[in-house]
Amino acid sequence: MPPSICAVCKTNRALILRPKDHSKLCKPCFINVFEAEIHHTIISTNLFQRGERIAIGASGGKDSTVLASVLKTLNERYDYGLDLILLSIDEGIKGYRDDSLETVKRNAQQYDMSLTILGYAELYGWTMDQVVEQVGKKGNCTYCGVFRRQALDRGASRLGVKHVVTGHNADDVAETVLMNLLRGDLPRLSRTTSIVTSTPSLTPSSGPVADNTNIKRSKPLKYAYEKEIVLYAYHKRLDYFSTECIYSPEAFRGSARALIKNLERVRPSAILDVVRSGEDMARLVPGSDEGCGGACGSGAAVPAEEEEGGCGSAVGKSMASVESQLAANERAAEHNLETEILSKPAKPTPPPSATSTKGQKKPRAERTGGPKKKGPTKQVMGQCKKCGYLSSQEVCKACVLLEGLNKNRPKNKIEVGYEVQDVSLNSVRDELEAATLAAEG
Amino acid sequence: MPGKTTDGAAGGICRRCKENVSVLVVRLEPLCQECFARYVHTKAIKRLETFRVDFHTNEERKVLLPLSFGVSSTTLLHILDLHLKTQMSKTGRTGFALSMVAIRNAEQSPHTEDLLEEVRNQYPGHEYASLPLHDVFRVIPDDAALRDLIPEYTKGEPPKDQEQLARLINSLTSATARADVLSTLRARLIVEHAKSTGCQSILWGDSTTTLAEKTLAETCKGRGFSLPWQVADGKSPFGVYFHYPLRDVLKKELVSYIGFAESGLSSLVHEPFSGATQASTSSKNTTIDDLMKQYFESVEENFPSIVSNVVRTSSKLEVPAGAESDPRCGLCDMPVPGGRFGIHGWGGYQQDGIETAAVVGKNVCYGCTRSLPPSATTTTRI
Ligand SMILES: [Zn+2]
Ligand SMILES: [Zn+2]
Ligand SMILES: [Zn+2]
Ligand SMILES: [Zn+2]
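For the record, the sequence lines run as chains A and B. Heads up: the first sequence begins at 0 in numbering that gives the first Met the number 0, then just goes up one per residue. Heads up: the second sequence begins at 0 in numbering that gives the first Met the number 0, then just goes up one per residue.
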C-alpha cells in the first residue's frame with residue numbers, strides 16, 4: 000500500500016488514524032486539530048474570563064495531565080490571561096496515590112504551575128484507609144463517591160479559587176448520558192451534559208460556614224475522545240501515570256461503558272453524537288430551566304453535587320437492586336389499577352394518581368417515589384447547614400456520613416491532620432488553616 | 000424458552016385464576032395460558048382508550064397498522080382483529096376500521112406480496128396494501144429537500160423513483176447509514192400513505208423492548224432532539240397521531256404469546272428470532288440498531304423493569320415550545336429546534352476539513368447528516 004498523505008496539510012505522510020472520524024493525519028496536524036477543537040470549545044462556551052484563577056483537578060492520570068498541558072499551551076497561544084494552578088486530592092489510601100502524586104509533582108515543575116495537595120484527612124478528618132478500618136470494605140464505596148465529589152470543591156474553596164476544571168472527556172459524558180437513560184434519571188441527565196456545573200447564582204454563604212457552593216466546575220475536554228487524549232499525551236510525550244480506579248464502576252456505568260466501546264467501533268462519531276443528543280435532550284426534560292442545555296455557553300448553572308465520576312457514582316446501586324425496586328413499583332401500580340377496574344367497571348381508567356381519594360391508601364409507587372405520571376419535580380438546591388456545600392437536603396451527604404463516622408470513632412483517635420503538602424511554596428497555607436478552622440469550628 | 004418457563008412455574012398454580020396450571024412466569028407471577036393471553040390483551044387494549052366505540056357519531060375512524068411480518072406488528076394485528084370482533088359482538092359496531100400496509104424493499108423482502116396474502120386470508124375484512132419503498136419519491140413529489148440529497152440529481156429529466164432510491168442508498172458509506180436511511184424513508188412513506196388513505200392514526204407495533212432499543216439507538220445516532228416524537232403516544236409533527244399499543248409488553252412476552260397462540264399466528268411471523276440477532280461484533284455490517292437490539296434482548300432477560308423504565312423515561316421528554324414552526328429536516332422531516340442543521344456550529348465542532356462556508360442550503364438534521372455522505376449535505380463538493 001502506498002503511504003497515505005495527511006488529509007489536512009496534504010504534504011506530510013499520515014501517521015495517525017484519527018479516532019473521531021478516521022481521517023488520516025500527520026503528527027503536527029493531529030496536535031493542531033486537537034488543540035484547535037478545545038480552543039473552540041472554550042471560546043464558543045465562554046468558559047473562562049480574563050484574569051480568572053483556575054484550579055486544574057490533577058490526578059496524574061492522562062485526562063488531567065493533557066488538560067493541564069493543553070490549557071497551558073492555549074493560555075499562552077491565545078492569551079486567555081488565566082492563572083492556572085494544580086489541585087490534587089489525596090484520598091489517603093496507602094500506596095494508591097504515591098506514584099500518581101509524584102507524577103503531579105513533576106507536572107507542576109514541567110508546566111511551571113503551583114501545586115496544592117489536599118488530603119481527605121485535612122478535608123474530612125478521615126483518610127479512606129481509616130474509613131475502611133471503621134466501616135469495613137463493603138460500605139466504603141459510598142464514602143469514596145460522596146467524599147470524592149466534594150473534595151475538589153472543598154479544596155478549591157480553601158484555596159480561594161472559584162473555578163475548577165476537570166479532565167472529564169467525551170467518553171465520560173456519553174457514558175453518563177446512556178447511564179442516566181438506563182437508570183431513568185432525566186434530571187441528572189440534563190444536569191451532567193452541561194459543560195459547566197455549579198451554582199454561581201446561589202448567594203454566597205457568610206459567617207462561619209465555608210463557601211463551598213460558589214465554585215464553578217467545568218470540563219473543557221467534554222468533546223475530546225479518550226483515545227485522542229491518549230494519542231495527544233503520547234505524541235507530546237507527556238508525563239502521566241496510568242492508573243485504574245481501584246473501585247469497580249457501578250453496574251449501570253459499566254454497562255454504558257461497554258455499549259460506548261462497541262458503538263465507537265461501529266461508527267467513530269457515535270461518542271460525539273451521544274454527547275450532542277444529551278445536550279439536545281437536556282432541553283426536553285420536564286421542568287428543565289436549561290434553555291440552552293449548555294450549548295449557548297452562558298454558563299448554564301447546574302449543581303455539581305451529583306457530578307459524574309469515574310467510580311463510586313451517586314447511585315451506587317446494582318442493576319439487580321434497581322430492577323427489583325422498579326418491579327415492585329410496577330406490581331403495586333398494576334395492582335392498584337386492577338382494583339380500580341374491578342370497582343368501577345363502567346368508567347374508563349383514569350391514571351391512578353387522579354383517583355386516590357381521601358382515606359384511600361396511595362399506590363406504593365407514589366409513596367415510594369416510584370414512577371409518577373407527572374414530570375419529575377424539580378429538586379430545590381440549598382446549602383448544607385454544616386459545611387455550606389450545595390445540597391438538596393438540610394445536611395449534605397458527606398456531613399451525614401461524617402457524623403456517623405465521628406460518632407463511632409474511638410476517642411483516642413480524634414486527630415485531624417491539618418498539614419498541607421505545600422509543594423509550590425505558595426502562601427495558601429495560612430489561608431487554608433483559617434478556612435479549615437472555620438469549617439471544622 | 001422466552002418468558003422464563005421454569006420447572007417450578009410449570010407445575011404450580013396460576014397466580015391469577017388460582018385454578019389452572021401455570022405455564023410461564025411473567026414478571027415474577029406464574030400464569031396459565033389463558034391468564035397470560037388476557038394479560039397481553041389488556042396491556043394492548045388499555046392503550047387504545049381513544050378508540051372505544053363512539054355511539055355519538057357515524058363516522059368511522061380508520062387507523063393504519065404498518066406490517067413488517069415481525070413478532071410485534073403481526074401480534075398487534077392478531078390482538079386488534081380479536082378486539083374488533085369482540086366490539087362487534089358486544090355492541091354491533093366497532094370503534095375503528097383497520098388498514099394494513101406493508102413496505103416492499105426490493106432486496107430485503109422479495110415475497111412481501113405472498114406474505115401479505117397469507118395475512119389477509121387469516122384476518123379478512125380489513126384493508127390491505129403493499130407499497131414499494133421507492134414510492135416515497137412518488138408520494139412526496141414536491142419535496143425538493145429530499146431530492147436534493149440524491150447524488151447526481153439534476154433538474155430536468157428526473158430519474159425513475161426506483162433509480163432515485165438506488166442512487167441514494169448506494170451513496171451511503173456504512174451499514175449503519177443504510178439501515179438508518181431505509182427506516183427513515185419507510186417511516187415517511189407510511190405517514191404519507193396514512194394521510195392519503197384517510198387514516199388519522201398510525202398504530203406502530205413496537206414493544207417495550209424495541210422502544211427502548213429505539214431510544215438508545217436514536218440517542219447514539221445524534222437524534223436525541225427527535226425523541227419526543229419517536230417513542231411517545233400522541234400527535235406527531237406529520238399531521239397524524241402515533242400510538243404504540245404494545246408499549247407495555249416486552250418482546251420476549253410477545254414471543255411467548257405467539258408460542259401459545261394457535262399455529263395460524265406463528266406461521267405468519269417472518270423474523271429471525273432472538274439468537275439470530277447476534278451478528279459478529281467486528282463485522283462491518285453491524286449497525287447501531289443491531290447493537291441496541293442485542294443489548295436490550297439481553298437486558299430484557301434478567302432486568303425487564305429496567306427496559307420498561309427506559310421507555311417510561313424517554314416518553315417523558317417534552318416537545319419543545321414552538322416546534323410547530325421549527326424548520327424541518329430534509330430527510331427525516333423532524334422539526335429541528337432553532338434550525339440547527341448539520342454537524343457544525345456547536346461546542347463539539349470538528350475540524351474535519353469540510354469548509355464551514357460551503358455547508359449551506361441543505362437543511363438536514365444532525366443525525367441525518369451523520370448518515371449521509373459529506374457531499375450530499377454540502378452544496379459544493381470537496
Ligand atoms: Zn498534516
Ligand atoms: Zn455538608
Ligand atoms: Zn390463570
Ligand atoms: Zn433528519
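What the hints contain is simulated information worked out from the structure, not anything from laboratory work. One thing to keep in mind: the hints can contain errors.
[Claimed, not checked] Listed next, the in silico DSS-like pairs over lysine-lysine satisfying Cα-Cα at most 25 angstroms (straight line):
1) A/K226 / B/K61
2) A/K23 / B/K45
3) A/K71 / A/K26
4) B/K84 / B/K61
5) B/K84 / B/K17
6) A/K104 / A/K71
7) A/K235 / A/K9
8) B/K61 / B/K42
9) A/K260 / B/K61
10) A/K71 / A/K226
11) A/K260 / B/K292
12) A/K384 / A/K161
Structure-based check of all given hints:
| no. | hint | result |
| --- | --- | --- |
| 1 | A/K226 / B/K61 | violated (53 angstroms) |
| 2 | A/K23 / B/K45 | violated (55 angstroms) |
| 3 | A/K71 / A/K26 | holds (20 angstroms) |
| 4 | B/K84 / B/K61 | holds (16 angstroms) |
| 5 | B/K84 / B/K17 | violated (28 angstroms) |
| 6 | A/K104 / A/K71 | holds (16 angstroms) |
| 7 | A/K235 / A/K9 | holds (22 angstroms) |
| 8 | B/K61 / B/K42 | holds (21 angstroms) |
| 9 | A/K260 / B/K61 | violated (45 angstroms) |
| 10 | A/K71 / A/K226 | holds (21 angstroms) |
| 11 | A/K260 / B/K292 | holds (16 angstroms) |
| 12 | A/K384 / A/K161 | holds (20 angstroms) |
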